[in-house]
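Take the sequences, apply the hints, and build the full model.
There are 2 protein chains.
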Amino acid sequence: MTNKTRVNTPCDDRCPVRASLTLLSGKWTLMILFQINENVVRYGELKRAVTGISEKMLIQELNMLVENKLVSKKVYQQIPPKVEYRLTKLGLKTLPIVDKLAEFGLENLV
Amino acid sequence: MTNKTRVNTPCDDRCPVRASLTLLSGKWTLMILFQINENVVRYGELKRAVTGISEKMLIQELNMLVENKLVSKKVYQQIPPKVEYRLTKLGLKTLPIVDKLAEFGLENLV
Numbered sequence: 001m002t003n004k005t006r007v008n009t010p011c012d013d014r015c016p017v018r019a020s021l022t023l024l025s026g027k028w029t030l031m032i033l034f035q036i037n038e039n040v041v042r043y044g045e046l047k048r049a050v051t052g053i054s055e056k057m058l059i060q061e062l063n064m065l066v067e068n069k070l071v072s073k074k075v076y077q078q079i080p081p082k083v084e085y086r087l088t089k090l091g092l093k094t095l096p097i098v099d100k101l102a103e104f105g106l107e108n109l110v
Numbered sequence: 001m002t003n004k005t006r007v008n009t010p011c012d013d014r015c016p017v018r019a020s021l022t023l024l025s026g027k028w029t030l031m032i033l034f035q036i037n038e039n040v041v042r043y044g045e046l047k048r049a050v051t052g053i054s055e056k057m058l059i060q061e062l063n064m065l066v067e068n069k070l071v072s073k074k075v076y077q078q079i080p081p082k083v084e085y086r087l088t089k090l091g092l093k094t095l096p097i098v099d100k101l102a103e104f105g106l107e108n109l110v
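Taken in sequence, the protein lines are chains A and B.
Sequential numbering of the first sequence, starting at 1, is according to full-length UniProt numbering.
Sequential numbering of the second sequence, starting at 1, is according to full-length UniProt numbering.
Bear in mind the hints are in silico, worked out from the structure with no lab data behind them.
A portion of the hints provided could be inaccurate.
The list makes no distinction among identical chains, and a pair is therefore deemed to hold if it is satisfied within one copy or across any two copies.
Claimed, not checked - Here are the computed lysine to aspartate or glutamate pairs in the EDC-like style, where the Cα-Cα straight-line distance is at most 20 Å:
| # | residue 1 | residue 2 |
| --- | --- | --- |
| 1 | K74 | E38 |
| 2 | K27 | E55 |
| 3 | K56 | E45 |
| 4 | K89 | E107 |
| 5 | K89 | E103 |
Listed below in structure tokens is the structure:
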């Protein structure tokens, strides 16, 4: 490799990395997607699984994920109410990103 | 797949995804790593490549990346001064994450 300075195409609004990060770069977003994974997960389970997240932040993140069509929410009309989350088809496509984050963390950080 | 609710191991301090995100989840972090990539990049080039980032934020992010040993900085003592950045061995290992972000963005968002 030469010492030539060279740079990728500018990372503007059409940049796919920027587009993905706009959707996924919330502090907890990818961690929540990782925890839901290929499962059907109840709200309480998720709260326990993502340690350190506040109730307010988890609800906010989940609403954002549902709005962005990465997660679907199913509410059972019963007492006490039951709420389940799972990844949508689009949400499942983020799992390869999460896998690479896990790989990097395992090999270099934990 | 059954409708059984199941969840991953809790994402606590030893979780590799959390560890990676602690290092990489800044709003601009992965975009800067993507732009440097396998190249040697001067500060001015980076500023132009990551459109929308403020001078203050770019300097702050670069200092953080250098501190976390993801990026190395070389200052040439000349007038005007020349500053070059490249990914370290550890930084290069984040590129598979960036690749997956690019793939997701390309296929689903842009």
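Okay, the hints, checked on the actual structure:
no.: 1; hint: K74 / E38; result: within (15 Å within a copy, 44 Å between copies)
no.: 2; hint: K27 / E55; result: within (14 Å within a copy, 23 Å between copies)
no.: 3; hint: K56 / E45; result: within (15 Å within a copy, 40 Å between copies)
no.: 4; hint: K89 / E107; result: between (29 Å within a copy, 13 Å between copies)
no.: 5; hint: K89 / E103; result: between (23 Å within a copy, 15 Å between copies)
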